[in-house]
Amino acid sequence: MKAERWKQVTDLFQSAVERAPERRAAFLDEACHDDEGLRREVGSLLTSYEQAENFIEVPAFEVAPELVTNDRAGALVGKLIGHYRIETLIGVGGMGEVFLARDEQLGRKAALKLLPEHLTADEAQLSRFKAEARSASALNHPNILTVYEIGSKGNVRFIATEFIEGVTLRALLDDEKMNLRTALEIAVQVASALTAAHEAGVVHRDIKPENIMLRPDGYVKVLDFGIAKLTEEGPAREHHELATTSGLQTRPGLVLGTGRYMSPEQARGQKVDARSDIWSLGVVLYEMVVGIPPFLGETPSDCIASILTKELPPLSGVLPDVPLNLEEILQKALRKDRDERYQTARELLGDLHTLKGELELAGPAHAGVIVRQIKRHKRGVLLMLAVAILAAGAFAYAFFFVAPPPPPNEKSIAVLPFENLSEEKSSAYFADGIQDEILTRLSKIADLKVISRTSTQRYKHTSQSPSQIAHQLGVANLLEGSVQRTNDQVRVNVQLITAANDTHLWAETYDRKLTDIFVVESDIATTIAKTLHCKSGSI
Amino acid sequence: MTTPSIAQQQVTQLLGDWSGGDKGALEKLFPLVEPELHRLAHHYMSRERAGHTLQTTAILNEAYLRLVDNTKPVWKGRSHFVAAAAQLMRRIMVDHARERQSLKRGGGALRVTLDEAAWVTETRSEELLALDEALDRLAVQDPRKSQIVELRYFGGLTVQETAEFLKLSQRSVEREWTMAKAWLYRALSGEETS
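If you read the protein sequences in the order shown, they are chains A and B.
Note that my numbering gives residue 63 to position 63 of the first sequence, counting from 1, and the numbers run on in steps of one.
Note that my numbering gives residue 109 to position 109 of the second sequence, counting from 1, and the numbers run on in steps of one.
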C-alpha cells in the first residue's frame, strides 16, 4: 500500500473509532464517497477492531512462558486436565509423559500419564487397552498399581493412577546388581501381581524394570497393565515377523530398553499370552541377580536373534554359590518354547516362595546392603519426592531382610493406627476412630486374639516393617490402613498382612459416603474374621 | 554498591553504543542477555505455580538490574535495555515456536495438544509465528506501529513507558496501538481485503 493511501486509511480508521459504534458505518459511507476500496479496507479494520478485544493485550511471555524457557512439559504445569491439576513432571517414557497431579475432586495426589496421540488414534485398540487396564485395576491387588481413571480431555488421552512415592527397579538396577534376597522378594511380589492378573484374564505384555516400582515401605507395584496393548500389532499381522522388527527399528532408543524383556513369541510378532509375562519376569529376575539381562544385542535385531536362539547363560558360570533352585527356576521361566515354560504365574510364585523360605532359613541377611544400594544410586531417583522419602524409608527396606518370627497363634491380629491422608490434620481423630471401631468389633470374636489399642499406638509413625511389628506384638497378622476424607466422601484402604511371609491375605479400598462408614467398619471386621477362619457372631 | 562485573560493563557499553545508533551492538548484546532471560523466566514460572502472576516488566527489570552496571547511570539506560530485551524476547520466542513447529512436522516429538482455551501450546506456537510474520509486514508499511507492538507485546511495556521511550504522547501511542492491533488481528484471522 502506498504511503498516502496508508495515511488515508489510518486517519479514517482513527476518526471512525472515536465515534460511537452505531455511527461508524454511516460515517464511513459519508467519508469514502465513491471510493469502495477505501470503504472496504477501513470497514474490515473496524470489524477487526471490534472483534479483537483482548488480542495481544497480555504480553507474549505471560501467555506462553514455555516459549521462553522452551520447556514443553513446564507449559502444562498448573493446568487442569479433567479434574487433575498438573503439579510437576515426574517421568517421560515411550508411552508418554507422567506428571504428579492433584485430583481436585477428591483432594488426593495422582499420577497422570498423558498418552501420545499416535498411540490412541485407533479407537478399537484404545478400548481393548481400557478394558484390560480396568480389569487389572479392579483386582485391587496390593502389587498392582491402582488406576483411578482413563479419560480424555479434548484430544488428550490420559490415565490417572495412584501416585507412588518410590523408585523404579530400573533405577536400582542401573547402579549395580542386587542382593539375592532382595531380588527374590521383588520377584515374589511381581509374580503375585501376575498371578492375580492372569487369573483374571489380563496379560501385562511389557514386564520390565521400568514398570516395576519399589516403595520405601517395601511394597512392589507393577505399573501399566495392558498399556502395551496400545502398541501391539493387530491380529491380522500375528505371524508377520517383519512387522514387529521394522516397527521396532523406527523407534530407536526405546527398543534396546524394552526389547530385552520380550519373549520369543513377542519377538516373532506372534500372539502373546500369560506365559509371555512369565518369560519377561524371568529376564528381570536374571538381571536382578546377575546384573545384566541374559539376552543382549548391539541392535534390536541382534537382541531379537539372541532371544530366539541363544541358550540361557548358566548362572553358575557367572555367580558362585548360586542356589541350584534359582538356576532351575530361571531355566524353566526362560524356555524358548512356551509349552515347556511355567504354565502359570502361580507355579512360578510357588517356586519363588519356596526358594525364598530356604534362603531365610540359611540365616538373616544384612539389612544395610539394600539401603546402601539405594543411597548410592544417583540418577535413578525418578520421583522428586523420593529423595526425601528414601532417607526416611531406608529402615523400611529392612522389610526385605527380616527373618520370619516364630509362628504365633494364627488367629491373632494387631490393628495398626490408620494413616490419615486427608487434607486437614483435624481428620486425624477420624482415622483413629475407624481403627478403634474395627478393633472393638474384632474383640468381640471369641477365638481371635486382638492386641489392645494401647500396645499398637506406638507404631503410629513407625518405620518398622510389618514382620518386625508382628514379632514384637506376638501376632500372626496385621491390619494396616489409611483413611482419606474429603467433604462427605471417605476412602478407606485396608490391608491384612500375614507377618510370617509378608503376604497380603486381603486388601480392599472402600470409596463411600461418610455416612456409610459403619457399614465399612463392619465389613472389614467380618472379612477379617472370615479370612482368618474365625467364628464371627454379630460384629 | 558492588563493583560491576565484566559482563555488566560490557552490557552497559553495548547498550550505550546501540542507543548511539550502532545497530551491530544489539547482536553482541543478545548472547549476554539471553541466558539471564531464560533463567528468570524459569524462576518466574515456578513462582507462578506458587500463585504469583507472571509479569514481563518484572522480569526485564530484574534482568536490567543484574546485567547493567548501575554505578554509572546511563541516560535512559533502562528504557533502552527494555527495548533491546523486547526484541530479544521476540526472537527467543519465535525461535522456539519455530522449533516446535518443525518437531511437530517431523513427528519426532510427542504431541500433546490441550483443548483448554487458556492454554494451547501448539496453537500458541502457530499463532506466534503468524504474528511475527504479520509484524514484519506491518513494519514495512508503518515501522512505528510495529515497534509499539514489539515493545508492548514482547517487552511488556505499559502505554506510558512506551510513550516515554518513543518520545510520543500517551495518546498517540494508544491510537497507534489500536490501529496496529486491528490490523494484526485482521492479518491473523485471514480477512484481509488487499
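If you are wondering where the hints come from, they were derived from the structure by calculation, not from laboratory data.
Any given hint could turn out to be false.
The list that follows gives simulated cross-link-like pairs (lysine to aspartate or glutamate, EDC-like), each with its CA atoms no further than 20 Å apart [said to hold, decoys possible]:
| # | chain 1 | residue 1 | chain 2 | residue 2 |
| --- | --- | --- | --- | --- |
| 1 | A | K109 | A | E347 |
| 2 | A | K2 | B | E174 |
| 3 | A | K79 | A | E62 |
| 4 | A | K513 | A | E437 |
| 5 | A | K7 | B | E174 |
| 6 | A | K332 | B | E133 |
| 7 | A | K7 | B | E27 |
| 8 | A | K530 | A | D432 |
| 9 | A | K310 | A | E347 |
| 10 | A | K513 | A | D432 |
| 11 | A | K7 | B | D136 |
| 12 | A | K336 | A | D321 |
| 13 | A | K530 | A | E419 |
| 14 | A | K356 | A | E311 |
| 15 | A | K109 | A | D488 |
Requested in this report: List, from low to high, the hint numbers that the structure doesn't satisfy.
Outcome: 1, 2, 6, 7, 8, 9, 12, 13 and 14
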